[in-house]
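K.L.:
In case you want the letters, here they are:
Protein chains: 4
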Amino acid sequence: MDTLKVGVIGYGYWGPNLARNFAELPSADLVAIADLSDNQIERARSKFPEIVLTKDYHDLFGMGLDAVVVATPPAAHYPVAKEALENNLHVLVEKPITRNSQEAEELIKLSDERGLTLMVGHTFAYNSAVHAMKKFIESKELGDIHYIDSARLNLGLFQKSANVLWDLAVHDISILLYLLDQNPISVSAQGMKCVFKDIYDIAYLNVVFPNNIMAHLHVSWLDPCKVRRVTIVGSKKMVVFNDVVNEEKIRIYDKGVDKPEYTNGFGDFQFSYRYGDITIPNVRYIEPLRQECQHFIDSIVNKTRPKSCGREGLRVIKILEAAERSMNNGSTHEVLEW
Amino acid sequence: MDTLKVGVIGYGYWGPNLARNFAELPSADLVAIADLSDNQIERARSKFPEIVLTKDYHDLFGMGLDAVVVATPPAAHYPVAKEALENNLHVLVEKPITRNSQEAEELIKLSDERGLTLMVGHTFAYNSAVHAMKKFIESKELGDIHYIDSARLNLGLFQKSANVLWDLAVHDISILLYLLDQNPISVSAQGMKCVFKDIYDIAYLNVVFPNNIMAHLHVSWLDPCKVRRVTIVGSKKMVVFNDVVNEEKIRIYDKGVDKPEYTNGFGDFQFSYRYGDITIPNVRYIEPLRQECQHFIDSIVNKTRPKSCGREGLRVIKILEAAERSMNNGSTHEVLEW
Amino acid sequence: MDTLKVGVIGYGYWGPNLARNFAELPSADLVAIADLSDNQIERARSKFPEIVLTKDYHDLFGMGLDAVVVATPPAAHYPVAKEALENNLHVLVEKPITRNSQEAEELIKLSDERGLTLMVGHTFAYNSAVHAMKKFIESKELGDIHYIDSARLNLGLFQKSANVLWDLAVHDISILLYLLDQNPISVSAQGMKCVFKDIYDIAYLNVVFPNNIMAHLHVSWLDPCKVRRVTIVGSKKMVVFNDVVNEEKIRIYDKGVDKPEYTNGFGDFQFSYRYGDITIPNVRYIEPLRQECQHFIDSIVNKTRPKSCGREGLRVIKILEAAERSMNNGSTHEVLEW
Amino acid sequence: MDTLKVGVIGYGYWGPNLARNFAELPSADLVAIADLSDNQIERARSKFPEIVLTKDYHDLFGMGLDAVVVATPPAAHYPVAKEALENNLHVLVEKPITRNSQEAEELIKLSDERGLTLMVGHTFAYNSAVHAMKKFIESKELGDIHYIDSARLNLGLFQKSANVLWDLAVHDISILLYLLDQNPISVSAQGMKCVFKDIYDIAYLNVVFPNNIMAHLHVSWLDPCKVRRVTIVGSKKMVVFNDVVNEEKIRIYDKGVDKPEYTNGFGDFQFSYRYGDITIPNVRYIEPLRQECQHFIDSIVNKTRPKSCGREGLRVIKILEAAERSMNNGSTHEVLEW
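Protein chains in written order, with our numbering: chain S, 1 to 338; chain H, 1 to 338; chain P, 1 to 338; chain B, 1 to 338.
Chain S with its partners taken away, still in its complex shape (with noise of 0.2 Å):
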């Protein structure tokens, strides 16, 4: 069949990456890039002096593509993922899918009465190293999962509209949802406005799925050491995923505690501890922007529901949203419906 006709609408920090990766992609062509800011234009003119350029997204309608990539500000997604299904295009749309449920919801009614492809820009479900994770949880080499602790710390950067929790906890809800494959019951969060008196800048969740197994997010944008790392602690072994280095992202430690078989009623018992050895897996690594592209465009042509649909983008804004909710009330305990 014919390769897809592709324009990308936002070519601000996030934009380029994807053009790139569409514009080097066989399957697909990179026809149109629309752009409100003339230096944005103009760097994308560089790189792609032949395609259509525009300030006016709308331009990107009339042209007989295929599909479109929306990388705007998060405000933006929206509207224009909306008026773009309406114009019957498949959509890609960069996370948060939308600013709330209500949104999302919305998106996703469209694209499935008009048949369109509806995919959000989860990056690490494509990503080799959070995979291998899963495949450990499947194959139960980790036993249970006791629980999961995931750090992403920085400094900066950060946005007026939105807060560290939208920008940053996002991408390690995504993870988590990817990995346990279930909807988790209730989280409550924890948030710090330091340096500015209206925007959350630090935020400590915690996410509680059934089968009692928890997990723990720390993300900030106020953090001296750039730290993106999830550990999961099962009862037979333990996995670190540490996505700041170029190699060795993986490390399968064999330790945990055993309980003894009989403990007498003097609650007198004794622990073995395993110390056994690390593994450092060789995870073969593609880039997982260039996955993730690919599997938009399959899942158009194949016609099947991309790894992470609206639905996947909604569940994700759903916690979010009850996250925002317990940093707001005091960190109360909210209860997911789903």
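To be clear, the hints were calculated from the coordinates, so they are not data collected in a lab.
Keep in mind that this is a model prediction, so the values were computed, not measured.
Ideal Cβ positions, reconstructed from N, Cα and C, are used throughout, including at glycine.
Check each hint, because a few of them may be wrong.
[Stated by the list, open to error] With a straight-line Cα cutoff of 20 Å, these simulated EDC-like cross-link-like pairs (lysine to aspartate or glutamate) come out: (1) H:226 / B:248; (2) B:55 / B:38; (3) P:197 / B:144; (4) S:140 / S:254; (5) B:134 / B:247; (6) S:193 / H:144; (7) S:226 / H:254.
[Stated by the list, open to error] Some chain B residues flagged as far from chain H (calculated, every beta-carbon gap over 12 Å): (8) 2; (9) 5; (10) 64; (11) 100; (12) 144; (13) 181; (14) 210; (15) 236; (16) 258; (17) 276.
Given the structure of chain S, go ahead and fit chains H, P and B onto it with the hints provided.
P.N.:
Frame of chain S, contents of chains H, P and B only:
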């Protein structure tokens, strides 16, 4: 003056380190050790063949000692320390000082009445790296303190009669109180019982201090990596104390976010980030326990209140009690009375 | 003035990076790419659909270019660069400039006669971290330079037509020459042929500079760890440049050994050691290759000698030749003629 | 049988560690310590108040000891060990066994004649991590050994009566001999005298073993970073021993370059690289010095030749002598006679 005659009660995990230090201090004489276990008595004999070794700690009360060190399991801290004080002995008791604040108050009252020194083994109050951090805070080099994040993680050691809070958080709380030198307003905590149904092996604490200073503690008996880290984020600079490395324990980051002088009505402001140098000061390291033991002797001789006196021990206990209440009641917000 | 028209010859491992940079430089136009392989031509087409793509590099000589970049395998550097100069094109040739000094001298002579710019791709001369090291040396902040130790280790990539010396040591030697800015007196080298009987895959070099400055280089195609490190030990301070980390590439150690003022006749002196702070300066990083390409354009426009001119390329070649002689003759001491 | 009576001669830098271990070994009794310095005698008294302490080591020869440990400065190793043997005492002497091979041969001869145990303190022969490496070599898990690279770097400690070769390389050479278990064919070395005109403070050694196995050693008293690393590159796997970390000292890399089965006449072959997993085995760590002291006692009791017997000490000395000759003669190639 003469050297002080010191006895050590409890020669298990930590006792040998205390015994060694008092044996080596010129201003002290280690003259007796008591432990219930024959094995430990034998271990003690191989190191100190010449001193009194007994299985009954009461023997230490009739031999003209000046002071005793209580390094028993936590459950015995209170009764043993109480007897020692009643026998007019100065007491250095390991952390946590007791298992509840009422017991701690009794010991404080008793030591006050008798004019005896009561000191708790909050080792970090005698740690050069912690001193350095306190200096950076007091000199205002860090600016206003935004928040403190502390993590103390490892695999084990599980204890039957304690939980991770009383085993590990006791360190972080004593560090926090020492650094900020004020009483927290409230605490909330989230605990997990992974390996045993009735023992908390992981806990996350939020401690709120005056002036909007927040502290978050993560303690775990169930982590694959050994972590002992305190991060202090100030408005001017940030400090990280990494206690698992042998050198370069302290790093000062000249990093931060500067608010714009002026922000127009449309929230259309720009941040400026400072990415300055990182400095690793050459902190001269002296064994903290050695400093602590010397400080105990000096406090007795000079009749001065030790840095980690009984009241400091009580402050820590009150926070641990509140945190435990919060964990048991589903992470409630516990206001602290002082 | 107009932008310069640039063509790239050789689109294999490194060519694409050069092409990308010249395509993005405002002061240059990438107008043509030549490569022998259909695959590479296709790869180039996906990135630069609009430019001339040819399998015969001679095509680039008849299309009014200002300059060409020679990124072919080393064996072709000399003939291709020679033809380009004969066609009055300015030339940026990848390192090593040629396979022997005679060829390099010819290219230099030719470019001088024709008043053309001849520049070698010694990327490190355009690396901010290397600039920082040079600054510390020139400002005498390090004191007198005692020695420099450099290591460039990795697994592969083996090449049929080269050895580890010409592949890796070329980098370290160009760094050394740039930092010390003087010609070495002599060189000796020890090589190993581990995987193939006729290819050196590991080499150790000793390079002696005036003023008793010694440099030791370790290059290997056969090491499990990726290492790219330069250590400069001065009488006052020491610097380490670690090029495999993304941040904190440079560390300055205020450490050293101070000689005693007076030492009596019995050699009974005491040393004093300085263990001062470690500083990690915030070196602002700009892609070195981008700087290099801009410098090439500027040198042509301003008719100035590039920092890494042909003569610099020749200096490196002469040291590589001497080192190879030494390796082949059992680690002989090779004096260098300048 | 009874425990052995042991005396320690020399209570400076290393002596206290030896004394402590023998004091704690059930099969030995520490009964006397000799040192020339009053300070050291006092230090010893605070640890061992009950034993004989003397400034004249001859006192130890008349008190019915079974063995002595010689931990004096290197210059005194030979005369003191000789006297001890002449007094029919078993001897454990610190490394290097003597200052030249002739002295070492004399001690060996003397101990043989008298049927006494003569052992050298090559601690690494008793190090669990080194044992693990030897196991990987002997099990052929690494394949054929291509080369070994060893580095031992630090700031100081300078010694008046020695140079970096006799202070640090002695460790690496004993490790090499222990691992490869054969005599090297030749050695060449390059030394630098940075701080003092007459003291080598940096040295690079090349040691050639049979079967084309090469070893390169880098020792330095003048490096900003503390490095103690041994890398073994085999045809199948590679191992790195990092001795400055507290845990994860050994890493096994399943990496390598595989030669093509068939290479046509035109040298047009392809390599295949193996990038497999990295394994960090859980090596159970027991204090090497404890193992060493126990081994000394066992060798005496069982009348067996110790792993690090006098002849091992002599082998190391001969290589050090040859390396020093090479350094003094401008890095000559010194063939070793065995």
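K.L.:
Evaluate each hint against the coordinates.
P.N.:
Verification of the supplied hints:
1. H:226 / B:248: Since the Cα atoms of residue 226 of chain H and residue 248 of chain B sit roughly 12 Å apart, the hinted pair holds (cutoff 20 Å).
2. B:55 / B:38: Roughly 8 Å between the alpha carbons, so the hint for residue 55 of chain B and residue 38 of chain B holds.
3. P:197 / B:144: With a Cα-Cα distance of about 15 Å, the restraint between residue 197 of chain P and residue 144 of chain B holds, given a limit of 20 Å.
4. S:140 / S:254: 13 Å, holds
5. B:134 / B:247: 19 Å, holds
6. S:193 / H:144: 13 Å, holds
7. S:226 / H:254: Satisfied, since the Cα-Cα distance of roughly 14 Å is no more than 20 Å.
8. 2: 16 Å, holds
9. 5: 15 Å, holds
10. 64: 19 Å, holds
11. 100: 36 Å, holds
12. 144: Holds: least Cβ distance 35 Å, greater than 12 Å.
13. 181: 32 Å, holds
14. 210: 39 Å, holds
15. 236: 28 Å, holds
16. 258: 33 Å, holds
17. 276: 22 Å, holds
Of the hints listed earlier, there is not a single one the structure fails to meet.
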